[in-house]
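Visitor: The chain contents come next:
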Amino acid sequence: MNVESPVIDAQGVSKAYGDREVLRGVSLSVGEGETVVLIGPSGSGKTTFLRCLNRLETPDAGLIRLRGEPIGVDESGRPLSEARLAKQRSRFGFVFQRFNLFAHLTALDNVAIGPHRVLGLPIEEARARAREELARVHLQDHVGKRPSQLSGGQQQRVAIARALAMKPELILFDEPTSALDPELVTEVVDVMQELAQSGLTLLAVTHEMRFARAAADRVVFMDGGSVVEEGPPDVILGNAREERTRKFLIHLHE
Amino acid sequence: MTFDWALVQKAIPLLGTGLLTTVKICLLAMLLGIVLGGALGLGSLSRWKPLRWAVMAYVDFIRGTPLLVQIFLVYFALPVVGINLPEFWAGVIALGLNAAGFIAEIVRAGVGSIESGQSEAARSIGMRHSQILFHILLPQSLRSIVPPTTNELITLVKGSALLSVISVYELTRAGQAIISVHFAPLEIYLLIALYYYATISALAWFSRYLERRLPAW
Chain A
843 MNVESPVIDA QGVSKAYGDR EVLRGVSLSV GEGETVVLIG PSGSGKTTFL
893 RCLNRLETPD AGLIRLRGEP IGVDESGRPL SEARLAKQRS RFGFVFQRFN
943 LFAHLTALDN VAIGPHRVLG LPIEEARARA REELARVHLQ DHVGKRPSQL
993 SGGQQQRVAI ARALAMKPEL ILFDEPTSAL DPELVTEVVD VMQELAQSGL
1043 TLLAVTHEMR FARAAADRVV FMDGGSVVEE GPPDVILGNA REERTRKFLI
1093 HLHE
Chain B
2 MTFDWALVQK AIPLLGTGLL TTVKICLLAM LLGIVLGGAL GLGSLSRWKP
52 LRWAVMAYVD FIRGTPLLVQ IFLVYFALPV VGINLPEFWA GVIALGLNAA
102 GFIAEIVRAG VGSIESGQSE AARSIGMRHS QILFHILLPQ SLRSIVPPTT
152 NELITLVKGS ALLSVISVYE LTRAGQAIIS VHFAPLEIYL LIALYYYATI
202 SALAWFSRYL ERRLPAW
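Residue numbers (the numbering used here), protein chains in the order written: chain A, 843 to 1096; chain B, 2 to 218.
Because the hints were derived from the structure by calculation, they are not lab data.
Any given hint might turn out to be false.
Among the chain A residues that face chain B by a calculated CB cut under 10 Å, a handful are [said to hold, decoys possible]: (1) L898; (2) T900; (3) R920; (4) L927; (5) L963; (6) R988; (7) R1004.
Here chain A is said to cover these stretches of chain B; the calculated rule only asks that three of the stretch's residues, wherever they fall, bring their Cβ under 8 Å from a Cβ of chain A [to be verified]: (8) 8–17; (9) 132–138.
Pair by pair, the computed Cβ-Cβ distance ranges are [claimed, not checked]: (10) B:S202 to A:K987: 51 to 59 Å; (11) A:A1021 to B:G65: 41 to 49 Å; (12) B:P149 to A:Q1039: 16 to 24 Å; (13) A:R866 to B:P67: 27 to 35 Å; (14) B:L86 to A:K987: 30 to 38 Å.
Backbone N, C-alpha and C fix where the C-beta goes; we use that ideal spot for every residue, glycine too.
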């Protein structure tokens, strides 16, 4: 882990919906090749924080830098044009809880559309890349299927391939296994572990403690819109300093 | 009361001429309505607020005023500002402008009904607003756009009967001409109704054919 030059560096990110404060000055950075797992009770702001990073939500305050470059604003703080913002977003991968695969496209074209439309690769080249990424998530035999013909676990793996095909600098996972039937969780977690081991930079909101123990370099616990504590997985999961963290983990294990 | 079969026989080809005009006007008006309505529908999904407002105002006006008044506006009011249209084209334009307003709303609603996760996922891979619209949302909303659009086109065909008041020699007007000579409203209006019914049935059949051909997922 390289703390000096983080891939993503968020400082003081705040967000409120009306008078409900969801994020209260959250700061977090993730280094090159690092895997960070973000945990916390529902409503603690984890998902909103993740969505602020790639500007699916606009934070009210705070600054997010991707390899030093401010996200969503220029150096003097003015909002970026739609085109420049879209270009910045393409440098993040985002995996949604509910997969959100494009319903009208095959698995192959779900993965190829980004490289083709956003990165400008010719369609055949984009599809070749899509085939590689689908093979990486062990779906080489399902390229021609539409999302409705795939199981939840397969759909989520296509969604991971869709993110990978953009060669993102960082992949954000938003509870990628919580919409899955229990028997389908493993195949997704396995793929995520392979990605973590291959040196990609990952930030995952997940309550899959097996993933956190096996793959995380760091676990961050959030509650009430703030980071409560963070540390190596064995410390946070086994011997947390904060009462709130311990209570949450006990609930999780029940 | 006797049913005048001889007159019916005579009227069939005469009404056929009127029907031909009705079909021509309706096809041209549908073309205008679909092209303009599609464009306005996209405009209502634009990121540019003034354009969205302009479309909303247009749709509101079309929905909020009778078709007959819109026909009068095009045929009688436009000449006042120097635009003189022959009745045929006034009819095409009035019906087309009317349908465009409703089709714009159908397109907007159809695209709006696509689950928000679809455009979020597209944003997350760096697609721009227009790309999301054309490559993600529109292809998926076609299936929900086609049936109400057909309904709108059926309404257009029925509305074309109103053009008889600006003396377009279409189906209804052709029938009125026969009635004024022979005074046989029962025979002729029944016949007119039959002609409209056949035309609209053909349109409805075509729409069902199109719906079956649209991909499902």
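Visitor: Tell me, in ascending order, the numbers of any earlier hints that this structure violates.
Guide: 2, 3, 5, 8, 10, 12, 13, 14
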